[in-house]
Amino acid sequence: MDVLLPRTLEEALEMKAAHPQTVPLAGGTDLMVDLNFGRLRPPSILDVSRLPELRVLSREDGHCFLGAGVPYSRITAELGEFRPLAQASRSVGSPQIRNRGTVGGNLGTASPAGDILPVLAVYQAEVDLVRPGDTRALAWDRFLLGPKRTAIAPDELIAGVRWKVFRGTGSFSKIGTRNAMVIAVASLCLVLDEDARQVRAALGSCGPTILRAAAAEDYLTAELRRAGSWDDPACRLGQPVIDAFAERVADAARPIDDVRGTAAYRRHGLRVLARRALAWALEDRRQGR
Amino acid sequence: MTAIRPRAGIGGVGESAPRVDGLPKVKGEFEYASDLRREGMLWGETLRSPHPSARIRSIDVSQAAVRPGVRAVLVAADVPGRPRFGLDVKDQPVLAAEVVRYAGEPVAVVAADSQEAARQAIRAIAVDYEVLQPLTDMEAALHPDAPRVHPGGNVVRDVRILHGDPDAAAEVWVEGYYETGMQDQAPLGPEAGLAVPAVDGGVDLHVATQWLHADHEQIAPCLGLPEEKVRLHLSGVGGAFGAREDVSMQIHACLLALRTGRPVKMAYSRPESFSGHVHRHPSRIWMRHGARRDGTLVVVHARLLIDGGAYTSTSPAVIGNATTFAAGPYDVPNASLHGTAVFTNNPPCGAMRGFGAVQACFAYEAQMDRLAAALYMDPLALRLKNAMRPGTVMPTGQVVGGSAPVRKLIQGCAAMPLPPEEAAGGRDPIRLPGGAGNTSRGEGLARGAGYAVGFKNLAYSEGFDDSSQAWVRLSRDGQGAMAEVKTAAVEVGQGLDTIVAQIVRSELGVERVVQLPPDTAIGSAGSSSASRQTMMTGGAVQLACQAVRAELEARAGHHEVPDLIEFLDSPIEAVRTFHHRPTRALDGTGQGEPHVAFAFGAARAVVEVDRDLGLVRVVQLAVAQDVGRALNPQSVLGQIEGGSAQGLGFALMEEIDLAGGLVRNASFTDYLLPTTLDMPPVVSLLVEEPEPGMPFGAKGVGEPSTVVVPAAVVAALRAATGRALSRAPVKPDDLVGLRTFPGYRPPP
Chain A
1 MDVLLPRTLE
11 EALEMKAAHP
21 QTVPLAGGTD
31 LMVDLNFGRL
41 RPPSILDVSR
51 LPELRVLSRE
61 DGHCFLGAGV
71 PYSRITAELG
81 EFRPLAQASR
91 SVGSPQIRNR
101 GTVGGNLGTA
111 SPAGDILPVL
121 AVYQAEVDLV
131 RPGDTRALAW
141 DRFLLGPKRT
151 AIAPDELIAG
161 VRWKVFRGTG
171 SFSKIGTRNA
181 MVIAVASLCL
191 VLDEDARQVR
201 AALGSCGPTI
211 LRAAAAEDYL
221 TAELRRAGSW
231 DDPACRLGQP
241 VIDAFAERVA
251 DAARPIDDVR
261 GTAAYRRHGL
271 RVLARRALAW
281 ALEDRRQGR
Chain B
1001 MTAIRPRAGI
1011 GGVGESAPRV
1021 DGLPKVKGEF
1031 EYASDLRREG
1041 MLWGETLRSP
1051 HPSARIRSID
1061 VSQAAVRPGV
1071 RAVLVAADVP
1081 GRPRFGLDVK
1091 DQPVLAAEVV
1101 RYAGEPVAVV
1111 AADSQEAARQ
1121 AIRAIAVDYE
1131 VLQPLTDMEA
1141 ALHPDAPRVH
1151 PGGNVVRDVR
1161 ILHGDPDAAA
1171 EVWVEGYYET
1181 GMQDQAPLGP
1191 EAGLAVPAVD
1201 GGVDLHVATQ
1211 WLHADHEQIA
1221 PCLGLPEEKV
1231 RLHLSGVGGA
1241 FGAREDVSMQ
1251 IHACLLALRT
1261 GRPVKMAYSR
1271 PESFSGHVHR
1281 HPSRIWMRHG
1291 ARRDGTLVVV
1301 HARLLIDGGA
1311 YTSTSPAVIG
1321 NATTFAAGPY
1331 DVPNASLHGT
1341 AVFTNNPPCG
1351 AMRGFGAVQA
1361 CFAYEAQMDR
1371 LAAALYMDPL
1381 ALRLKNAMRP
1391 GTVMPTGQVV
1401 GGSAPVRKLI
1411 QGCAAMPLPP
1421 EEAAGGRDPI
1431 RLPGGAGNTS
1441 RGEGLARGAG
1451 YAVGFKNLAY
1461 SEGFDDSSQA
1471 WVRLSRDGQG
1481 AMAEVKTAAV
1491 EVGQGLDTIV
1501 AQIVRSELGV
1511 ERVVQLPPDT
1521 AIGSAGSSSA
1531 SRQTMMTGGA
1541 VQLACQAVRA
1551 ELEARAGHHE
1561 VPDLIEFLDS
1571 PIEAVRTFHH
1581 RPTRALDGTG
1591 QGEPHVAFAF
1601 GAARAVVEVD
1611 RDLGLVRVVQ
1621 LAVAQDVGRA
1631 LNPQSVLGQI
1641 EGGSAQGLGF
1651 ALMEEIDLAG
1661 GLVRNASFTD
1671 YLLPTTLDMP
1681 PVVSLLVEEP
1691 EPGMPFGAKG
1701 VGEPSTVVVP
1711 AAVVAALRAA
1721 TGRALSRAPV
1731 KPDDLVGLRT
1741 FPGYRPPP
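Protein sequence lines, in the order shown, are assigned to chains A and B. No gaps in the numbering here: position 286 of the first sequence is 286 in this note's numbering, and each next residue is one more. Each position in the second sequence, counted from 1, maps to that position plus 1000 in this note's numbering.
What the hints contain is simulated information worked out from the structure, not anything from laboratory work. Glycine included, every Cβ here is placed at the ideal spot set by N, Cα and C. Any given hint could be a false lead.
Unchecked claim - Some chain A residues well away from chain B (every beta-carbon gap over 10 angstroms; in silico):
1) Ala137
2) Arg142
3) Arg149
4) Ser229
Claimed, not checked - Across the chosen pairs, the derived CB separations fall in these ranges:
5) Ser1114(B) to Pro154(A): 26 to 32 angstroms
6) Asp1158(B) to Phe37(A): 38 to 44 angstroms
7) Pro1050(B) to Arg254(A): 28 to 34 angstroms
8) Gly1737(B) to Gln287(A): 55 to 61 angstroms
9) Asp232(A) to Gly1426(B): 25 to 31 angstroms
10) Arg142(A) to Met1416(B): 57 to 63 angstroms
11) Val1514(B) to Asp258(A): 50 to 56 angstroms
12) Thr1669(B) to Gln287(A): 37 to 43 angstroms
With these hints in hand, go ahead and build the complete structure from the sequences.
Structure (structure tokens):
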């Protein structure tokens, strides 16, 4: 097996075009497991971990761009104002894994358990894909097609993700059966977008891919409007509304029984997380946090 | 007459001497078996059955044999000697010939120039299986119409113990049904070794094991070689916990080395390691306890079933332990205890830290809490009232001899300071159940505490003479006196090498101790199992040192000299063997004197549970342990902490998930071990009451914490949630009520 060592993104793209079967390696936290377990035998590996272009973190025109090669430890250290993103990044693996694992890896692997994917879903992020002389941006849900399936072309690399910065509270929570270093049994990301006056919620590990809980979002968006809460965060929502929202979040799940958890528990856990996340968001808005 | 006097401060017995292997291990310089290398060596790989039960119609190795770099492909017909091996009962094929009895059973082995080439060759072997319906339920195995895993039937061993009047009347009864899962030892070092063909036609095997001589005794006949032509050398052992009692790659590597005339290395991957060793027996346990209204235990009825999987391994001894301990460390005048180990087509089960005592403790301690509740009695008071003491007659008729400070342990455990209460809100969520997942700001939080008391036998039982031999040589060079010591005892990480050095320093007053590598050139040391090496090999080293000392003192005679080193013009050597006192096997009604000695333990767990999500944070473990005498207090505390972590894992997350005989979580991604965020601080109390007949009064210390911590953690979870929780590991589904088990059902 060859290892290709490009020094620039341009060189990497030429190599990828010349060797479409090559598999990019950044942190290696997914790829090396697959190699070690004999699940993958690519003819070559393309080491993209040294490319400066992929380690960019920038803000412009009200957008944030997160390079595909930025590791989770940097996100928690430098993007603390994007609280759900920082919370999701902190929930990834161990400190060692967070030093190596990257956003691009989470996207490229496209596992329904990818920890930051529900965050990207509620951020309505776009994935920047590059090929020699060309770049295209795909909405997150046009990029993630199914379990471990994406819309990337053989000659493309993931450059990073971009999202429109908005005002609002939110959180990311992940249930696992141990207190760290665990693959999500179920996860939930909730944001209240004050600019768009819209609620967005996404579920991880509860279906073949990341799911948005559209009915729950619409319901809560409307309830907040009805209560006048978008204008005045002090307006309270009744417990029945919170429960109904949680029920709709749980209904959005399409969970299965697997070695990590039962479908019944996943649905149950989502219901609890939804209640909590909404209560926290409402409280944080009231406190101006 | 001049005598050697113990000198303090030279790293002798009773001091927390630094580990002799500590620095190289911390610095990454220690050579583990997986690091072994030889010029020109080949790599061995194993083809394993994907089916839990199948008949082998044919094996075609022709495609594999012609692949580039492949030097040998061996199947059952290529085994020159005895076709089967096993620790006691030789029922396990070196390579499966006609049938496979579990998924993961070795069918063929390959040696090739690289590991990659060997792995590809494995995939090129074509095996034609006639797939059979596997027997995977331990209760179904008892059914007369069940398929027979072995021609002799599905019962590995049936143990019945009748004591006093099992029909005795009691005023208060409680009954319960309990289950425990299949735990993996999960040593960080997977199975590995290097076989080197020798010029005499024999073979030298460098291997990570727990007992060189038991491996040796199994390997040589399968190779068709006389014992002296097979020599075993210990390689660095990356943890064992029972997983290295059974032979894994040893015979295969030797066969390949002898066939190819080249050194052959085999090193299992993590997934393969789950197939490469036995596991902790899953259990189903039915118990009824009868007591007087004042809390005095009158009678215990227990039915224990453990799943031995496809081969015998140590199942007979494990069910022996589980059954003889089923009434707990209590004075129980009447009992009927019935234990059975069965064969199934699940992966074989055998030795793991706690060895049958863990499963029993989980059940009998749950029963003690149930009984306390039924009596409206404090659970600790109930235990204190019935605690075993020296002179207590056990259900086997064995009288508890030696030290048995059970009451002291219970009281000491309860007296250790509780962790401070913490407000639910305002914490970093990482200090709440759910940890790094940010699932809570303190909602649904409940705290609970639970206790458990238990015990474990020390050394081998039921008539087994597991002796240990040591060689000691005292000499002098330019730097002064030096002691050399050699045994075949295995340092598995428990700290034995350090203890041996400490004993030599104390007995001979010599600071400089050189330990020679363990191999089969010296007599057996027995297994690094059953909490026995400090007592057994420590005892042999002490005896050999005493013989050397006697000779030195005889040389000195009546001369008054400042230093006995003057009499070391020629070195003094001694070889001694240590035997524990004999034990007696059980008779037809389970009467005998099966155990050498006991180590008792008491644990208290304090847990926090997120009752909505069923997530857990263990806040503190407090363990009081009966250690006889702590030869190295730091090392003892390390054993208690490590054993507690393994017990916590068993209670909360560690389980091999089987579906139809297939392991579904053969990786550390899905077989979860506690992390530093799951494992709380351990506070320990060492109760030192010397054990007669053991060196310095020491008891083995490796297992009691693993025995009691699972029961204590689950008791604490019951206290926090009010749920019955009759199965370990406890899953989130259990804690939120999505999964329940029958409180009681009739035993089979």
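Checklist line | Hint numbers not upheld by this structure, sorted from lowest to highest | finding: 8
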